[in-house]
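There are 8 protein chains.
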Amino acid sequence: MNVDSLLEDFRQGKLEAAELKRQLLGNSIAEAGFARLDHHRLLRKGQAEVVFCQGKTPEHVAAIFRELAERTGRVLGTRAEPAHFEAIRHMPGADYDPLSRVLRIATRPLEPVGKVVVVSAGTADMPVAEEAARTAEHLGSAVLRRFDCGVAGLHRFLSVLDDFLDARAVVAVAGMDGALPSVVGGVVAAPVIAVPTSVGYGASFGGLAALLTMLNSCAPGVSVVNIDNGFGAGYMAHVINAQCEAARKG
Amino acid sequence: MNVDSLLEDFRQGKLEAAELKRQLLGNSIAEAGFARLDHHRLLRKGQAEVVFCQGKTPEHVAAIFRELAERTGRVLGTRAEPAHFEAIRHMPGADYDPLSRVLRIATRPLEPVGKVVVVSAGTADMPVAEEAARTAEHLGSAVLRRFDCGVAGLHRFLSVLDDFLDARAVVAVAGMDGALPSVVGGVVAAPVIAVPTSVGYGASFGGLAALLTMLNSCAPGVSVVNIDNGFGAGYMAHVINAQCEAARKG
Amino acid sequence: MNVDSLLEDFRQGKLEAAELKRQLLGNSIAEAGFARLDHHRLLRKGQAEVVFCQGKTPEHVAAIFRELAERTGRVLGTRAEPAHFEAIRHMPGADYDPLSRVLRIATRPLEPVGKVVVVSAGTADMPVAEEAARTAEHLGSAVLRRFDCGVAGLHRFLSVLDDFLDARAVVAVAGMDGALPSVVGGVVAAPVIAVPTSVGYGASFGGLAALLTMLNSCAPGVSVVNIDNGFGAGYMAHVINAQCEAARKG
Amino acid sequence: MNVDSLLEDFRQGKLEAAELKRQLLGNSIAEAGFARLDHHRLLRKGQAEVVFCQGKTPEHVAAIFRELAERTGRVLGTRAEPAHFEAIRHMPGADYDPLSRVLRIATRPLEPVGKVVVVSAGTADMPVAEEAARTAEHLGSAVLRRFDCGVAGLHRFLSVLDDFLDARAVVAVAGMDGALPSVVGGVVAAPVIAVPTSVGYGASFGGLAALLTMLNSCAPGVSVVNIDNGFGAGYMAHVINAQCEAARKG
Amino acid sequence: MNVDSLLEDFRQGKLEAAELKRQLLGNSIAEAGFARLDHHRLLRKGQAEVVFCQGKTPEHVAAIFRELAERTGRVLGTRAEPAHFEAIRHMPGADYDPLSRVLRIATRPLEPVGKVVVVSAGTADMPVAEEAARTAEHLGSAVLRRFDCGVAGLHRFLSVLDDFLDARAVVAVAGMDGALPSVVGGVVAAPVIAVPTSVGYGASFGGLAALLTMLNSCAPGVSVVNIDNGFGAGYMAHVINAQCEAARKG
Amino acid sequence: MNVDSLLEDFRQGKLEAAELKRQLLGNSIAEAGFARLDHHRLLRKGQAEVVFCQGKTPEHVAAIFRELAERTGRVLGTRAEPAHFEAIRHMPGADYDPLSRVLRIATRPLEPVGKVVVVSAGTADMPVAEEAARTAEHLGSAVLRRFDCGVAGLHRFLSVLDDFLDARAVVAVAGMDGALPSVVGGVVAAPVIAVPTSVGYGASFGGLAALLTMLNSCAPGVSVVNIDNGFGAGYMAHVINAQCEAARKG
Amino acid sequence: MNVDSLLEDFRQGKLEAAELKRQLLGNSIAEAGFARLDHHRLLRKGQAEVVFCQGKTPEHVAAIFRELAERTGRVLGTRAEPAHFEAIRHMPGADYDPLSRVLRIATRPLEPVGKVVVVSAGTADMPVAEEAARTAEHLGSAVLRRFDCGVAGLHRFLSVLDDFLDARAVVAVAGMDGALPSVVGGVVAAPVIAVPTSVGYGASFGGLAALLTMLNSCAPGVSVVNIDNGFGAGYMAHVINAQCEAARKG
Amino acid sequence: MNVDSLLEDFRQGKLEAAELKRQLLGNSIAEAGFARLDHHRLLRKGQAEVVFCQGKTPEHVAAIFRELAERTGRVLGTRAEPAHFEAIRHMPGADYDPLSRVLRIATRPLEPVGKVVVVSAGTADMPVAEEAARTAEHLGSAVLRRFDCGVAGLHRFLSVLDDFLDARAVVAVAGMDGALPSVVGGVVAAPVIAVPTSVGYGASFGGLAALLTMLNSCAPGVSVVNIDNGFGAGYMAHVINAQCEAARKG
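Protein chains in written order, with the numbering used here: chain A, 742 to 991; chain B, 742 to 991; chain C, 742 to 991; chain D, 742 to 991; chain E, 742 to 991; chain F, 742 to 991; chain G, 742 to 991; chain H, 742 to 991.
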């Protein structure tokens, strides 16, 4: 944040007090009436804000996308309905995947780096797994998908084990008993982000069973995100991948 | 229950009305003051009543053991403390295992039949696994123990896989993430009785996490007993084994 | 799995390395694009994979049924909607039961063996009980249904008690207070698979009350499956029955 | 409360304003420094206040007992420790039962009326069942105890069924699966007060399982009190019995 | 049940073995194909079975009503939808209340006896309160309704206090904080049946908050039924009232 | 309540007994058939009753609004649907906000006093925040809104910090992690009323996560209302503001 | 915080850059090795930090007390054990109350202002109620205690109603059913801070029942703090009282 | 795993079948009687097994430490009691920290690489935070501790913000409201591993509140481990750091 140079500029009269305060106290926040867009985040976190579309009107989403697209050239929306896509489909580079409900604008290309593997247990877990994959891809990671590898048929996972050897980060998605990340974490050296899904019935209690399984995983190197939070896992995996890339570049 | 022959005997005067009523309405229950021993169970269920020692005084337990030992020659007590053992150690054939807290009297020998495998995840799960093993053994099953085979190190389980091939029933014991029965159930043909244990901390919530994992297991042929209920699992496994034995004998 | 003979064949040049690896590491998994069918399971578990239809498109289900039907001649689908049936009704031997939502193809006949009794508490529990019954039947068990025998009217259960005497396994289905398996387990010698249902309201919490009742059953020889998991109970009962049949045949 | 006659007395000058206000607004509450004894309750509810001893010092309990004993001649304390008894044992008519932890003073005799049956499932439930029985007895009910009649051995309950025929109210106490009240309520005509106990382990969750079972009982004429609340059930049963007695006397 | 005279008749040849077994083992249960009607209940419990209509088809409900109406002249159905009424509206004495969803047939008149008061907290609790009231009325109790008396406006309850003085039983219905039964139970001498309702939002968790409040009520003489179980409370209140009436008649 | 002067008037014959009883026992409650309006509340609490519209028919709501509007000139309804507005829109001063679902009639103007700040975390929390704001405004508080200030972008909150300096009370609204009130409470001197919202998914469990966060806030001067209870928070904030205003006026 | 004048001073050379940064970024935090004391809080919140003693060593607590006492002359510690008191009893003005576990140093006197009423339900709730009272007193509020006023004996509360008329804030403490705040909030005009306590057993679940009751209170003007958090309630009540006092003084 | 070269060696007779099977099926597991040590893990995961000491006897722990120390020169034990340390203190390089309960042997030195920051909220969270720090250090990470930075005093965290700029991974530890990771995650670019602690009381429910807060964090780049699982978070942070180091080295 370079507070020292800002203060020096201010003392030398190169910077107005108002601007100094704006820089120091962060009101670089665009006031667009209904939502405070946080452009500062791009600087702080290295990523622009992501739009959680659920519960927002299509018009609202479109306005945010327009604003962010102009500044950054890449916008990601999650939990979007087809109506959200309709509201932005005229914008250049707009794209929508109904399975994962991921909405994107990408006019500024990114070269994929590193390797993130997304592995999932059952076909019903695919929407969440795909959300994770698309999130990491959008942010700049190269992603390998390995879906439908649940532990009830252990051979399915073992047969693709080699694909995990050079992964920088792994996302493991499972509903019902949520046992996949324990098995993956016991075998794989990369950090594993576990995602419980709400797939199941009865005593799965909307994903609570899988969540608890993952939090209690006996395998080290496993951490967990919220139920059905494919986005959060993909983001976390990308951040790890990006940290590695930054280390590689020195 | 042979109601017909009882009625016939009664009509022919071979049986008193009092005895007929006793047979039909089940008051073959010994009234020993504080507890109603259910000797009928031996007939109905093929097994004598098992004594849950927790919360009973040593004197109380000793009295029940004496009563049952006289009639059946084999008595099983669970969750027994050393003080319970002290109260019966003078009786012939008395035996106590402090790890599993199983208390036994066996003056009538039994030839072990069939095969029950008890597999457990971590060393901390051993007390529950051993309770299951001793219960099945006491009731007459041949038991093979395979402890410390948790899925976080998958090779441990895979290296003993052959031991499960001819099992008539499997008991799978695990705490923390409770993932072991899902892996076992995905590979093994025998019915699997899953036992969650209270081993763990934090979000294991005293075994709730492992319980939910097991109830939501994606592997078919898995059913579940209460948390830490090694006795129940060993009993169930023996009952399955005994059914097979009965079928074998025709 | 006969690893020894495979290795011997390989050493003698009768087997290619690729095939050996395929055999050992289990990639006999058919890759059909969206789902990895696990044909290996038929060998390992003695049963082909069962299709959980809920959340799958009719086209997806139809493709899986076609694939499995060709190989095994018997396919079972659970939680199927009428639309799933429409997609396969042209296939030979297709059959659908709207009450239990069980979808089947059976072109290869099976002689029913042994005896599984399915007992249920109330009329509202019938869909789950019927799912259990049809599952066990499809896999090859002879099944006797005893529905509407809840313990609030004890005479209903007592009047059919004789039917349980020669059962190899019993499935007991109940919602609300879930007390039926405790009563059944106290009287019947066969292993009892308890199925809680989500029938009820208020403090039944979607079947949680019945689930907890069954897990805490005082009767030995009772184990439990997930809420509304008629399939799982029917499968488990059949596995026990099949184990007995195998023992009978030596 | 006879407001009309009080007002008339006041208008005619027979009653002071202060007294009228005291009568109307209920400050007949004895201020003993630390606790407000509610003597009014005897009038309103037909019973004096009962002392919940847990967490109170022996001195505190003794002071309350002395105060109540003087006014009413009968005092009941629940959840009392031996130290509480030590503090009042010199008072005439003092009596303590360590099993149920009930502490009593009874210098004014009561003729027992009607019939309350207290039935319990296991020996471990006896403390709660005895608390219920002693509470009802202290308040004036004739009580019949039928302990150790759990439904896992149905014959035990069926063999004492005749004892319930002329009961005015039944208290049914059970831990673990809590199934007893459902069976009792299905057979018995009297109102059943169900008491879950904290007896059990694992998924009994301190009595929650039994509580939910009882709340979801399919048998009509069953209502429930708090876990381990033998006092509350005994009180409720007595109140019902007393209502019947009042009706009988016209 | 007169087992002795049955046995005597049997010995003397006046009774067939088949009939004796039928009498002893209770298969006086009408087998109507889909549901086992329990006519025995009328003898045992003094009330015919009540029909829980939810989840049953209109045809199914109509068949049960017809069967029961012929035998008893009075049938009660709960949680009935208008379609259920349509299916029976042609039967004599059919009647439906959409608020409480109570469906009735009453061709045999009953003289109301005693007094049951049903008090409720808010207008949203009225459906449950009315279900309680109609249930008690149908079974033969005289019922007084006192709705909309929540404790947040204490004057509302206090102003109708006199109505509770001669009640034989009180039903107190409340959602949200569920505090009403504690206040009622602190003032009223009659036994109070507390009914939590699912009225509320957020941390009411579908009535769980009110349920816990009532189970923890500090006022003695209060017991609780399931959330929204107006029927259960009305039944319980009537049973108490009927016990009093029986005592009155000697 | 001036009991003394009422009694004096009564003694002097200026007041009838009936009226005295009415005053003392509070039956100043208008009986409008279906709902007992509590006009007394205006005196006791300083505010008229607020109408919880959810679950009430439009006609029912309209009747209550008419009754209250005549007496007080200001009526507030919460959780109102458009149909409720339709039923009162002809009344003078009627007004409806679809976002917060607040329905109002205000024919008697109020001068806004003091300062209440309503701060919220995300755009999805706006309905609840707006309900809080409108409630406080309707009751007479001046309200400042600061929406979309979640702690994940701390600069957003810090940039508006000055607005909180002279607040008399603050309402802080947040879903998901519910962390906003902790941050606000750590910096702001005014009392903070925290409102968890049901915004979120998965392990937010309908707002439970945010509720627990707020109850466990490390910042002092924070108290909490029910999930989504914007009304309750706005009311509480106004009451605090009104207490200050009363103190200011002496 | 006067950012403008700080910047001006800095530009004019009156302030060093280091000091400016310190002021702006808040490192006025005393680093005492193990704990970062937040002296800034006194400025920001108007109150010094309060010491949560539980889990801290007596030496640790003594060091913090010494540090705070020197700067402010008044220190408050909560959940203190006697050993904590021993460690500071030599300091001037040290004081400890074993019931509420409140530890204080007060060498700088404060004139009590306004009025806070603390009302509690049962004698077992007194420790929490006293913690609330002592907290508010220590911070400068005049406090009136009204303990043992539970709603099961409504007269107890009604007899002290007048004491609440001029309260600026009320703290209402209750365990078990937690119904007291609903009754208080329905009658009293001041804001009510509800404190659930862990007093109870069984389904009180450590205070959860009382917590839910209070969150669902139908009475407006009630907000809630954590279970057993007497400190938090007393702090909140004082803050409200202090806001009123500030308004009074203009 | 180099399956190809193993097979080639086997075909050429360089490898025995037994050894090939051992290599392929993983029975490189040392059987030490009571525990199966998984030396394979060092190869697979890049880290030797870590010893969870809780519930193990000192002798048992000593034996495992000896075995692992010989092979790897570095052993880590968590949740160790002083008695565990006593049993190994004679071994070279043994070391114990009573606060974090971490037990270590380090005879093989490691050069610390990268940067992991461990930040915690309150002093009571220090044991968990220190466990995380020591774990990461033992595995080879350079660790910076920033304790006592809770968000209720935001300045404490903001004053150390610069320390996070070049972190490769951050561990954020908090109990009670668990809000710290949301604030950290909103500002910091590195991946954040959130650790809820059981610090708190009442509605913290043993850390559940903090756990839910963290799972619902609005800040991206945050994932969560089990309650009090400092070890798991330190391990995960180190794995991320190690991945970065591997990438840096190419």
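Simulated from the structure, these hints should not be mistaken for laboratory data.
All figures in this text were calculated on a predicted structure; none of them were measured in a lab.
One should not assume that every hint holds.
Said to hold, decoys possible - Using 30 Å as the maximum straight-line C-alpha spacing, the simulated DSSO-like pairs for lysine-lysine come out as follows: (1) E:K990 - D:K856; (2) F:K856 - G:K755; (3) F:K990 - G:K856.
As the list claims (entries may be wrong) - Per the computed footprint, the stretches of chain B lying under chain A, defined by three or more beta-carbons under 8 Å from a beta-carbon of chain A, are: (4) 808–819; (5) 882–896; (6) 941–948.
Glycine included, each C-beta is placed from N, C-alpha and C at the ideal position.
Do the hints match the structure? See the list:
Proposed proximity of K990 (chain E) and K856 (chain D) is supported: the alpha carbons are some 16 Å apart, at most 30 Å. A hinted pair counts as satisfied when its Cα atoms are at most 30 Å apart, and K856 (chain F) with K755 (chain G) does not qualify at roughly 36 Å. This hinted pair checks out: K990 (chain F) and K856 (chain G) have alpha carbons roughly 16 Å apart, not beyond 30 Å. Under a criterion of three residues with beta carbons nearer than 8 Å to beta carbons of chain A, the stated coverage of the segment 808–819 of chain B fails, only 0 such residues being counted.
Note: the segment 882–896 of chain B has 5 residues with beta-carbon separation from chain A under 8 Å; the three-residue rule is met and the coverage holds. Counting residues of the segment 941–948 of chain B whose beta-carbon sits less than 8 Å from any beta-carbon of chain A gives 5, enough to reach three: the coverage restraint holds.
Checked against the numbered hints listed earlier, the structure breaks hints 2, 4; every other hint is satisfied.
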